[in-house]
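Got chain A sorted already, so can you dock chain B onto it with the hints?
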Amino acid sequence: MTAIRWMLAKDLRILRRSPVLSGLLIVYPAAVAVLIGLALSRGPGLPRVAFLNEIPPSQSVLTLGSTRIDTTRYERQLFQAMVPVPVSTRAQALADVRDGSTLAALIIPSNLPHLLASADTSAYVEVIYNGDAINQSLVENALESKLAQANAQLAVQLEKVADGYIDLLLSGGRLNFLGLAFNVLGLRASATILDGVLAGLPRGSPLRAKLAPVASFAKIAVDNLGSSKQVIGAVGAPIVVHQQIISGHRTPLDDYAVAIAVTISLMFVCLLLASGMLAAEREEGTLERLRRGLISPSALLAEKALLAGVCAACVGFAMLVGIGIFVPLSWSRVGLWVLALAGGAFAFATLGVALGGLVRDVRAASLLALLVSFPLVFLALVPAGAVAVGLYDAIRVVSALFPFKAALEAVDAAVNRSSPSLWAALGHLALLVLGFGVLARVGLRR
Amino acid sequence: MAPPTLQARSLSKRFGDRVALREVSFSLEHGDVLAVIGPNGAGKTTLLSLLAGAALPSAGEVIAPAGERIGWVPQQTALYSKLSVLENLRLFARLERVGDPDAAVALMLEQTGLRERASEQLGRLSGGNRQRVNIAIGLIAQPAVALLDEPSASLDPRQRARLWSFIVARAQAGTSIVFTTHDIAEAERYAARVLVLADGELLFSGSPADLRSHGSGDMESAFVAFLRERGH
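Residue numbers (the working numbering), protein chains in the order written: chain A, 288 to 733; chain B, 14 to 245.
Calculated directly from the structure, the hints in this document are not laboratory data. Some clues are possibly wrong.
With a cut-off of at most 25 Å between alpha-carbon atoms, the simulated DMTMM-like pairs for lysine to aspartate or glutamate come out as follows [to be verified]:
id	chain 1	residue 1	chain 2	residue 2
1	B	Lys95	A	Asp510
2	B	Lys95	B	Glu133
3	A	Lys497	A	Asp482
4	B	Lys95	A	Asp648
5	A	Lys447	A	Asp510
6	A	Lys506	A	Asp454
7	B	Lys95	A	Glu570
8	B	Lys95	B	Glu123
9	A	Lys497	A	Asp510
Covered stretches of chain B (in silico footprint by chain A; criterion: 3 or more residues with CB under 8 Å from a CB of chain A, positions within the stretch not fixed) [as the list claims (entries may be wrong)]:
id	region
10	59-68
11	98-108
12	202-212
Remember, it's a predicted structure, so these values are computed and weren't measured experimentally. Every residue, glycine too, gets a C-beta built ideally from N, C-alpha and C.
This is chain A alone, in the form it adopts within the complex:
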């Protein structure tokens, strides 16, 4: 323990005398972590889209039966998914897309109200892209989701129109068509009249046999046409989503971004510091001196892991406190934060010394640490279903063999009460500490 104490004091003195390196070690991971956090928690900016509405203003309100449909309402809905750049002609819209001043052009053709009213052909809007796959994907994603919403709302309006016609057919009433008003009798009234006529006919009348099927049809139509409204409603919105979350608490994306940002900082500081400080011993030639019994290999590894782990946990805690000023975090869970940060930090630090034991100089150690850490982050963040099942299983195995995912789960559980539990994640991290500790010990023998 005494040797560890002297070595710790020495390493802290060396770090204090390398202010640029120490500063970078804190600022770089913090900056990367904040950028990743922002990228995850903020959606992309709205795409600029040239917009041309060819419907004359006088025709923007469509009347179907007794229902008035204002097409400008759906226009406003589309504008939530983009920044519209109004243009007055189709040629201008095309020119804007070609010169890149807009990512796409959205054209609402003049015949849209007519097509909606006639129901012969599907109504359509035109979207023009410049052929850039990324831009096209961005605009497509933005517009398609809003078009789907608009379609759904329009379906509700059309359903109301159909309901009105069915009511008229069932109960009768006034029908306005081409400016003329008609009285419609309705099936219920027809059935009542027929029943009255049948009741007044003599028992043996041949008319009774002829009218009976008509009265029966009217009764069946009255009974069944009412249920057709539900059928139309179901077709208008065939599937609706009822959300249910299983396996405990799920973290909102913003809060999850906090856990990701802190875990990434923890990882960078630990890997760079632990691998770098151990590699520095080899680079300066002091490792051979130390290996002569001045300090045991296990104690030397423990000292480097302790130094990196404590520094990284402090950086992580400072980040959480800083973020906590802007984002509501549960301060009553501070003790659990410390546990999660300590667990994650020591697992990363053990991986760091295992990497540091493999290389001969600090630069190689830093490069190796970066090469290892970036894929770990990306793999751990691949969601289930984003890749093929077999590949996802392989990713899960790789993620389980390195500390990032377990550390993220620990921090997420401590900060956001997510599942799996903090204790399960800490158990996983403890196993990784043992595994990488053995690897580091083997690496140091080289």
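Just chain B now, with coordinates in the frame of chain A:
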């Protein structure tokens, strides 16, 4: 008769398929000054690393009486460049568990003439001065055996003379010295015994005068003639 301070018994070292040292045996008495010479790649540094315990032998063993300290001065300076001379000395004195670290540090600063530069960061010192600190750290625990790997390689003639007077004084005080060198004249001048290594094999163990008898000119010519005679 006092037991040897250090014994190498059939020491061998392999790096993969390459044999760096093949069954080297010798012993060292109190106050001996032993020079290890040989062409580049002969295994001199490997031999000293094994004797120092900085590397483990593939076969054979190093025997030192229990409680004897062995000091080691590696060929490349093995020091912390961000620490001062004083901090380096103090750290290694503590790690070596020296009884009175401050007194040992003061003695080394005095003996190596580095007292004036004690507070300077090691990275800012000249190669010669760094080598002096390197030697001071190897000897700070007052070892019974000092192993010095090319100790005078980066020193100017004045510093070299000072180093040798320091080493000779240590030997006279009873410290056994083993040093490697490419300067054959230096081996002849300061060593009582010479080991000649080539391709990992121990070819000669005897006095400089015995080695010199293999040629008609100076020591260096005799050494080259000896190697040629042995097929190297």
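Hints, verified against the model:
Among the hinted pairs, Lys95(B) with Asp510(A) is inconsistent with the structure: their alpha-carbon atoms are about 94 Å apart, more than 25 Å. Distance restraint check for Lys95(B) and Glu133(B): the Cα-Cα separation of roughly 10 Å lies within the 25 Å cut-off, and the hinted pair is therefore satisfied. With a CA separation close to 13 Å, the supplied pair Lys497(A) and Asp482(A) stays within the 25 Å bound. A threshold of 25 Å between alpha carbons decides the hint, and for Lys95(B) with Asp648(A) the separation of about 16 Å falls inside it, so the pair holds.
For the given pair, Lys447(A) sits about 20 Å from Asp510(A) by alpha-carbon distance, which is consistent with the 25 Å threshold. As the CA atoms of Lys506(A) and Asp454(A) are separated by approximately 15 Å, the hinted pair is consistent with the 25 Å bound. As the CA atoms of Lys95(B) and Glu570(A) are separated by approximately 13 Å, the hinted pair is consistent with the 25 Å bound. Of the pairs offered as hints, the one joining Lys95(B) and Glu123(B) holds, with about 22 Å between alpha carbons and a cut-off of 25 Å not exceeded.
Among the hinted pairs, Lys497(A) with Asp510(A) is consistent with the structure: their alpha-carbon atoms are about 21 Å apart, no more than 25 Å. Residues of the region 59-68 of chain B with a Cβ under 8 Å from some Cβ of chain A number 5, which satisfies the need for three, so the listed coverage holds. Check result for the region 98-108 of chain B against chain A: holds, 5 residues qualifying (beta carbon to beta carbon below 8 Å, three or more required). Against chain A, the region 202-212 of chain B contributes 0 residues with a C-beta closer than 8 Å to a partner C-beta. That does not satisfy the three-residue criterion, and the hint is violated.
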